[in-house]
Amino acid sequence: MTGLDYSIVIIFLVVMAGGGFTVSRLIKDSDDFFVAGRELTPFILCATITATNLSMFHFIGFGGTAYQNGVSIIWQNWTGDMALVLSGVLIIPLMRRLRIRSVPELLQIRYGSGLRVLIGLFWALRLSVYLGILLYLAATAAGVVTGYKNYAVWLMAFSLISILYSVVGGAWAVALMDSVQFVFMLLGALITFPIAMAAVGGLPNLIQWLNESGHSNHLRFVPQHGEFNWLFIMAITLLSIKWATVDQAILQRAFGARTPRMAAKGMVLAGIITTPFAFFWILPGLAATKLSPGFTNPDLAIPTLLTTQIPGVLTGLLGVVLCGLIAAQISTITADVNSVATLLTSDVYRLMRRTVPTQRELVIVVRISSLLCGILMLVMAWYLQFSGAGAVRANLAMVGILDMPLFVVTIIYGLFWKRANWQGATAGFIIGGTVGILCYVLIDPKHFNTYLAPLLSVLPAGLTASLTDWHGSVSQYKKNLLSIAPIASSLTALVVCPVVSLLTPKGEPRHEAIWASRHTSGGTESLETDVDDFHFIPRSLPGKIGLAAILLGFAGFVLSTITTPLHPGSAAAIAITCMIAVLGGGLLRVYSK
Amino acid sequence: MHDWMTITIEVVGIVILCVWTVVPIREFGQILRRIRAAEDKASREQPAVKATETTGN
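Protein sequences, first through last, are from chains B and C.
Heads up: the first sequence runs through residues 1 to 593, numbered per this note's numbering.
Heads up: the second sequence runs through residues 1001 to 1057, numbered per this note's numbering.
If you are wondering where the hints come from, they were derived from the structure by calculation, not from laboratory data.
The beta-carbon is built from N, C-alpha and C at its ideal position, and this holds for glycine as well.
Some hints here could point you the wrong way.
[Claimed, not checked] A few chain B residues facing chain C, derived, Cβ under 7 Å:
{"hint": "1", "residue": "I44"}
{"hint": "2", "residue": "A47"}
{"hint": "3", "residue": "S179"}
[To be verified] Now the in silico label distances, taken between C-beta atoms and shown as ranges:
{"hint": "4", "chain 1": "C", "residue 1": "T1008", "chain 2": "B", "residue 2": "T504", "range": "24 to 34 Å"}
{"hint": "5", "chain 1": "C", "residue 1": "I1007", "chain 2": "B", "residue 2": "Q208", "range": "17 to 27 Å"}
{"hint": "6", "chain 1": "B", "residue 1": "W382", "chain 2": "C", "residue 2": "I1007", "range": "48 to 58 Å"}
{"hint": "7", "chain 1": "B", "residue 1": "A516", "chain 2": "C", "residue 2": "T1008", "range": "25 to 35 Å"}
{"hint": "8", "chain 1": "C", "residue 1": "K1041", "chain 2": "B", "residue 2": "I537", "range": "30 to 40 Å"}
{"hint": "9", "chain 1": "C", "residue 1": "C1018", "chain 2": "B", "residue 2": "A548", "range": "49 to 59 Å"}
{"hint": "10", "chain 1": "C", "residue 1": "G1029", "chain 2": "B", "residue 2": "L219", "range": "28 to 38 Å"}
{"hint": "11", "chain 1": "C", "residue 1": "K1041", "chain 2": "B", "residue 2": "L559", "range": "27 to 37 Å"}
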């Protein structure tokens, strides 16, 4: 890196900080801090949702996974884009109408306050761990790019900058900064992509080289074999729907929409623009397969590509690309820290306190929450440097175990089954998560030997023998753990929640408000000019066609992917066509009555 | 020299970049105007409320 590169990065950080302080004056109450006063419009929402979503995890983590395993990791993005459309059209308008700030708040309306505190705490912990993964990636990349490989210093620098941004400005700063950072992020990707392609002699040459050098599986969008095969795509589809419907960081941005329709538009637009952009991190990853083969840690592939290819083109260009990467990282971290503060303040502290807290108390709680979140993410980031699992795998393991049961009890039973009660939801969440953890402990020999083997001596001999035998017979499925764990945890929650709900008393009905939110309020939102007119079932013909395209396209995608072994040659073409139908249908649906 | 696939992907990216530079600037401007108008309205109403409290009406 040259002095000019460093100067560009420093100027960028200073200007961003100035913007954050300016925007902080917009904060007058807690709604301003948590959901930007519910004033956000579709394109800003789209930018903030996309910037919250995209981070170095995509540019470096996905690029690195493409480097090691091929193009099929792109479905983690693309299934997420379809999920944004589904959630934006079917789920988010309902939640926005309830005027909630968080998913745990929805759980309180539906199941009662106990589950709200439990999930609030869980989600704050879960986001902090994800932030640790992002920090690990940022520190690893910064070490490679600058040549200054002091991991601890980079961790501290990134965490301090991010926490400062989010604590000072709240959701308003997150929204404004996200919009600016989104532009820098795109700029970084637009610079890197053609340089990487030129280095390998163009995309057709890269495709030819991958085919001839024994990497043909790298080019299969829906492969039959390998870790990221069709089964993985199905598992990631489940996780993506979960992500777009219960992820606090994404939803909190959507709750800032001025009206339910604007929330839907923001989600659908975010899904559409991220779809072509997935190529900007996947294809450089494939190019790195040719340019720098041999990395065992895939997360080093893209930083190495950046430092070896970009400086030769123009001095200062690497600085601009780094601004994009830092922007992507900071926007995600600030949004997540803001979400953790929301969860711990609104969902945990307020509920556990008997009297109404003062604004001064809330400010202190927000700061303590952000500090706790910072400590947790630092611990996780420190641990990850030794694990060597790769950021994408680490995150997939975590969401597979814990998030799927939450999705089942919140969305499937919470929004669509009246009889579900708090006992069923709590049992479904806890037992589903436990089964997800057991999958890893029983199937992966590394985890079995570390966590379960030491306990075997104290267990009865018969049980020890059964567990060891069982481990021996299932350990061959270790390479499919990323697919097995989320499917097992969600199926468990799907069964446990209704069984426990039916075995326990009905309790007082708590579904009325949720069911009522399916209909438009008929009144006005935010300002007198904004009418709530987004119907769950569309009134116009284009709206109905749009909704049909979404549902049929998604069903076609799932059917085609599940049956990949029967038609391996056409699976990718069908899946991509169905995805385009979902995205097009989404656009038609949100822009018609 | 770049191939048509690279150029197509790059052009799509540039179009998205242009749209998301222009439109959010306009939308943020509108939001700030709305907030300012709401603040002005509130400050105009404030003295009227005080006057009512003083006269006891």
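Here's how the hints hold up against the structure:
Taking 7 Å as the C-beta cut-off, the interface hint given for I44(B) holds, the closest approach to chain C being about 5 Å. The closest approach between the C-beta of A47(B) and any C-beta of chain C is roughly 5 Å, which is under the 7 Å cut-off, so the hint is satisfied. The closest approach between the C-beta of S179(B) and any C-beta of chain C is roughly 5 Å, which is under the 7 Å cut-off, so the hint is satisfied. The beta-carbon spacing between T1008(C) and T504(B), approximately 57 Å, falls outside the hinted interval of 24 to 34 Å.
Distance hint check: the CB atoms of I1007(C) and Q208(B) are about 18 Å apart, consistent with the given range 17 to 27 Å. The supplied range of 48 to 58 Å is broken by W382(B) and I1007(C), whose beta-carbon atoms lie about 43 Å from each other. For A516(B) paired with T1008(C), a C-beta distance near 47 Å fails the hint of 25 to 35 Å. At about 37 Å, the beta-carbon gap between K1041(C) and I537(B) stays in the expected band of 30 to 40 Å.
For C1018(C) paired with A548(B), a C-beta distance near 32 Å fails the hint of 49 to 59 Å. Between G1029(C) and L219(B), the C-beta spacing of about 45 Å breaks the proposed range 28 to 38 Å. Checked against the hint of 27 to 37 Å, the pair K1041(C) and L559(B) fails, with Cβ atoms roughly 55 Å apart.
The structure is inconsistent with the numbered hints 4, 6, 7, 9, 10 and 11, although it conforms to all the rest.
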